[in-house]
Amino acid sequence: MSDSKNLMDVALHLGDNALILGHRLSEWCGHGPVLEQDIAMTNIALDLIGQAKMYFDLAAELEGAGNDHDHFAYKRDVLDFKNLLITETPNGDYADTIARQFYFDQWHYLLLQELANHENERLREIAQKSLKEVTYHQRWSSEWVVRLGDGTNESKEKMQHAIDDIWYYTGEAFMPADFEKGILPDNLKEQWMSNVKAVLDEATLTMPSDEWMQEGGKTGSHTEHLGYILAEMQFLPRAYPDATW
Amino acid sequence: MLTALEQNAWEVLNLVEDPEIPVISVVELGIVRSVIDDNGTLKVNITPTYSGCPATQVIEDSVIEALNKAQLLPFEVKTVLSPSWSTDMISESGRQKLKEYGIAPPADHSVDKMALMGEERQIKCPNCGSMDTQMVSQFGSTPCKAHFKCKDCLEPFDYFKCLK
Ligand SMILES: [Zn+2]
Chain A
1 MSDSKNLMDV ALHLGDNALI LGHRLSEWCG HGPVLEQDIA MTNIALDLIG
51 QAKMYFDLAA ELEGAGNDHD HFAYKRDVLD FKNLLITETP NGDYADTIAR
101 QFYFDQWHYL LLQELANHEN ERLREIAQKS LKEVTYHQRW SSEWVVRLGD
151 GTNESKEKMQ HAIDDIWYYT GEAFMPADFE KGILPDNLKE QWMSNVKAVL
201 DEATLTMPSD EWMQEGGKTG SHTEHLGYIL AEMQFLPRAY PDATW
Chain B
1 MLTALEQNAW EVLNLVEDPE IPVISVVELG IVRSVIDDNG TLKVNITPTY
51 SGCPATQVIE DSVIEALNKA QLLPFEVKTV LSPSWSTDMI SESGRQKLKE
101 YGIAPPADHS VDKMALMGEE RQIKCPNCGS MDTQMVSQFG STPCKAHFKC
151 KDCLEPFDYF KCLK
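Here the protein sequences line up with chains A and B, keeping their order. Numbering follows my numbering, in which position 113 of the first sequence is assigned residue number 113; successive positions increment by one, without gaps. Numbering follows my numbering, in which position 23 of the second sequence is assigned residue number 23; successive positions increment by one, without gaps.
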């Protein structure tokens with residue numbers, strides 16, 4: 001594999017994470033528990049989808065085949081997607097969505113901090129831009145973990161359940177795929193664990209213990225959920241190619 | 001020293017409104033990063049505010065339309081990501097116009113942080129000037145704003161979040 005192919009795969013991996021999680025969050029539009037949080041989730045979705053576009057533009061440049069960002073969002077199938085499995089897990093209830101966002105944001109923030117100093121200029125500028133937005137995401141999801149964890153008996157129980165339930169999707173981010181070696185940092189786990197623990201402590205929640213972790217998303221082995229996401233997301237451009245509005 | 005073409009282009013672009021806050025121009029908002037007369041070809045660089053801001057495409061289209069209309073041909077409009085946009089790029093006149101329009105302009109980084117962490121009395125109400133205000137949500141009507149309310153005049157308002 002050439003360096004450029006690996007870098008393109010990294011761009012797709014980062015773009016796919018943002019696109020799929022952004023799509024998941026957009027499913028909350030009109031269904032949020034209160035208006036302000038409906039708006040928060042759709043704002044975060046917008047940021048992520050905007051970030052996906054920047055990574056897909058980079059992938060298109062590296063590929064050099066004349067494709068644009070829409071090609072990567074709409075014209076690839078499940079096996080081609082390299083997103084972390086955690087991003088495709090269903091929204092569940094509000095606590096499930098918060099737990100997923102919290103784990104992801106904590107990783108995303110650390111990753112972008114590193115990438116903001118990356119030797120590759122294009123990756124570096126996308127990260128510098130995204131980091132500003134993800135700082136807000138991370139603050140929002142951490143606050144909700146604390147608010148629900150250190151809340152009523154019912155909210156605490158639901159938050160703990162969600163935190164435990166999605167835990168085994170968190171390990172994959174720290175298991176490097178071949179294409180990312182030498183491009184993405186491989187030393188984020190310790191800091192992530194300690195940051196996650198600090199928030200869970202404040203939320204009076206119990207940190208799940210390290211055990212077996214689900215993996216495969218980065219290399220195209222996805223859960224059954226991704227096919228449904230793509231079916232909805234890709235329907236229009238596939239049924240009506242080159243449609244405009 | 002600006003060339004006549006550059007001078008002309010800045011004036012034209014200063015009339016292009018932001019689609020979401022139509023009292024402020026894309027120049028005042030800091031979206032137009034540079035205007036360069038490259039041997040008669042006008043090269044304009046613009047930068048998005050937030051990555052997912054839906055206005056980005058509209059702004060690019062309006063900039064192109066304005067340059068076409070003013071016949072500042074030939075020109076090239078390019079979107080650049082670096083240096084990434086920050087609220088420091090909003091001009092003083094832009095901040096004043098935001099305030100008059102009812103949007104609290106971005107505060108200092110440290111004040112902004114306290115305000116968005118839920119500390120009260122940090123952001124001035126654009127309606128009555130009271131400091132007795134409270135954040136309702138970190139996320140507001142567009143990606144760049146947070147939602148506040150004034151406890152004095154009871155007016156809900158948008159606060160333009162500081163982005164560094
Ligand atoms: Zn007031």
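Honestly, the hints are just simulated from the structure, not real lab data. Idealized CB from N, CA, C, for every residue including glycine. Heads up, a few of these hints could be off.
What the hints assert, rightly or not - Over the 12 Å line for every Cβ pair with chain B, so calculated as not near, a few chain A residues:
| # | residue |
| --- | --- |
| 1 | Ala-18 |
| 2 | Asp-38 |
| 3 | Thr-42 |
| 4 | Asn-43 |
| 5 | Gly-50 |
| 6 | Gln-51 |
| 7 | Gly-66 |
| 8 | Gln-128 |
| 9 | Ala-243 |
To be verified - The calculated label-pair distances, taken between Cβ atoms and stated as ranges, are:
| # | chain 1 | residue 1 | chain 2 | residue 2 | range |
| --- | --- | --- | --- | --- | --- |
| 10 | A | Thr-244 | B | Ser-110 | 23 to 33 Å |
| 11 | B | Val-77 | A | Glu-63 | 40 to 50 Å |
| 12 | A | Glu-36 | B | Asp-38 | 20 to 30 Å |
| 13 | A | Cys-29 | B | Ser-93 | 44 to 54 Å |
| 14 | A | Gly-216 | B | Asp-38 | 43 to 53 Å |
Hint check:
Its beta-carbon lying about 9 Å from the closest one in chain B, Ala-18/A breaks the requirement of being farther than 12 Å from that chain. Its closest Cβ contact with chain B, about 9 Å, brings Asp-38/A to no more than 12 Å, contrary to its assignment away from the interface. Here Thr-42/A does not stay apart from chain B, with its beta-carbon only about 8 Å from theirs, under the 12 Å limit. Once the 12 Å rule is applied to beta carbons, Asn-43/A is inconsistent with being away from chain B; the minimum gap is 4 Å.
Look at Gly-50/A: its CB is around 3 Å from the nearest CB on chain B, not clear of 12 Å, so calling it non-interface is violated. For Gln-51/A, the condition that its CB be more than 12 Å from all CB atoms of chain B is violated, with the nearest at approximately 5 Å. Every C-beta of chain B lies more than 12 Å from that of Gly-66/A, the closest at about 19 Å, which supports listing it as non-interface. Not every Cβ of chain B is farther than 12 Å from the Cβ of Gln-128/A; the closest lies at roughly 5 Å, contradicting the non-interface assignment.
Against the 12 Å criterion, Ala-243/A stays outside the reach of chain B, whose nearest CB is about 16 Å from its own CB. For the pair Thr-244/A and Ser-110/B, the beta carbons lie near 45 Å from each other, so the given range of 23 to 33 Å is not met. Val-77/B and Glu-63/A have their C-beta atoms about 24 Å apart, which leaves the hinted 40 to 50 Å range violated. At roughly 47 Å, the beta carbons of Glu-36/A and Asp-38/B sit outside the given window of 20 to 30 Å.
For Cys-29/A paired with Ser-93/B, a C-beta distance near 35 Å fails the hint of 44 to 54 Å. Separated by about 50 Å at the C-beta atoms, Gly-216/A and Asp-38/B satisfy the suggested range of 43 to 53 Å.
Violation of the numbered hints given earlier is confined to hints 1, 2, 3, 4, 5, 6, 8, 10, 11, 12, 13; the remaining hints are satisfied by the structure.
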